[in-house]
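Asker: Sequence lines, in order, name chains P and Y.
The opening position of the first sequence corresponds to residue 24 in the working numbering, with each subsequent residue numbered one higher.
The opening position of the second sequence corresponds to residue 576 in the working numbering, with each subsequent residue numbered one higher.
Since the hints were made in silico from the structure, they are not lab data.
Ideal Cβ positions, reconstructed from N, Cα and C, are used throughout, including at glycine.
Do not take every clue at face value.
Unchecked claim - Derived list of chain P stretches under chain Y, where covered just means 3 residues or more per stretch with a C-beta under 8 Å from a C-beta of chain Y:
(1) 60-73
(2) 124-137
Claimed, not checked - Quick look at which bits of chain Y chain P covers, simulated, 3 or more residues with Cβ under 8 Å:
(3) 594-602
(4) 825-837
(5) 846-857
Stated by the list, open to error - Restraint ranges, calculated between C-beta atoms of paired labels, are given here:
(6) Y:Trp-668 x P:Asp-38: 41 to 51 Å
(7) P:Ala-133 x Y:His-766: 22 to 32 Å
(8) Y:Tyr-591 x P:Glu-92: 28 to 38 Å
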Amino acid sequence: MTRVRPLALQIAPGDARPISKQIVDAVRLKIATAELKAGDQLPSVRGLAQQLTVNPNTVAKAYAELSAEGWLEARQGLGLYVAAPRQRLSEDERERRMEEAVARFVHEVAALGFTPAEALGRLDIALRVLGPRKSA
Amino acid sequence: MTDTPVIDTRQLVVRYSDKLAIDHLDLRLEPGSVHAIVGANGAGKSTLFRVLLGFQKPSLGSASILGCDSQSLSPADRGRIGFVNEEHTLPPWMAVRDVLHMQRRHYARWNQAAYDEVSGHYNIVPKQKVGQLSRGERAGLNLALALAQSPELLILDEPTLGLDVVAKRAFLESMLYSQERENCTVVYCSHQMDEVERVADNLVIMERGALRHVSPPEEFCARVACWIAEMPFRGPDPALIPGLLRTHRIDGLHHYLVFDQGDSFAAFLREHGARSIERMPVGLDSAINGFLSRHHAMPKAA
């Protein structure tokens with residue numbers, strides 16, 4: 024019998040993101056950082072709503088979005104589980120994340136005073152490691 | 576439950592001498608959700624509730640609640656509506672036990688388990704007089720009584736005003752997760768936006784007795800954005816800025832809070848000489864704040 028994984032997340036008042044989006048982001052991050060692993064069971068809609076003191080419909084909406092994106096999967100009558108990481112992100116999402124990652128890298132590099140050519144060279148070497156592996 | 580709106584007002588007007596407390600209001604709220612009504616003081620929320628509950632006559636127009644004309648509600652109709660207001664008015668000289676007996680006799684669908692579940696969150700002794708309860712305990716008692724009616728509609732007028740954090744949380748939990756809530760529509764009014772964001776499926780904004788906006792809270796938020804631009808001199812005349820809710824000048828930068836403006840707003844700013852432009856999403860609190868301060872949107876030019 025799988026046990027429900029606790030979801031340690033916070034709703035920040037004043038955050039510009041709607042609450043359902045904050046839940047989506049937090050769950051994704053936990054999956055990305057392997058804090059949540061494939062097969063882990065998530066709290067019930069009502070349970071998480073109660074934990075966060077939010078409307079259950081808000082949690083249901085976040086879970087629906089996570090399921091639609093392939094992060095979670097429903098098992099008939101059992102609840103929601105973290106899906107195996109075979110699903111690909113949507114084109115938009117990949118694009119967005121790529122942009123974010125590039126921006127982070129550029130900001131770091133700019134502060135270190137390397138020239139673009141030097142930075143590119145290093146990046147090229149670093150990326151070769153990924154080479155033959157299939158992208159996730 | 577049918578799809579009859581729980582609240583339906585048509586061209587509703589309530590006039591207090593020269594002032595329109597409700598100004599030709601057409602409001603329809605669907606069953607099954609938590610609706611939050613938000614507005615500045617004097618927006619007409621409490622007047623609206625008084626009319627809906629039949630305590631006050633409209634000057635013009637009509638108002639119906641659960642499909643019944645609010646001016647001719649029968650006791651049975653009233654039994655289908657639970658009401659909790661911010662004053663938590665119950666006779667202070669009555670013992671809790673006696674209030675409970677009285678209410679139980681009034682309501683045919685009395686659900687003692689619901690009363691016990693909700694009142695269990697509070698330290699209420701049956702022998703205690705209502706006047707001896709704290710504000711939070713009275714709030715809890717009121718909600719417990721209202722939920723025990725098994726209402727189809729629960730109207731809450733600033734129910735958590737003045738409650739401490741624990742009492743507030745207990746109140747919200749009872750309201751959101753009580754078994755009795757399942758088939759009950761909640762119409763709720765509050766000035767606390769963090770709370771509204773947590774509980775509301777639908778956001779209703781009223782201003783000066785008129786309806787200004789209806790949508791889920793996140794949809795409303797998404798339509799409001801803050802643009803920060805470095806403008807030469809004073810920037811464009813506020814009267815010309817499309818969708819302007821509020822403008823501020825901070826450290827020489829212009830902050831524009833605008834409604835329903837897409838990328839064309841950046842073009843607008845550029846046309847007026849903006850050098851750098853940044854767009855920021857805003858939270859519900861700022862969004863509503865800006866929306867309600869629109870009529871004060873023009874500070875004297877610095």
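Asker: Which numbered conditions among the earlier hints are violated in the structure presented, ordered from lowest to highest?
Answerer: Structure breaks hints 2, 3, 4, 7, 8.
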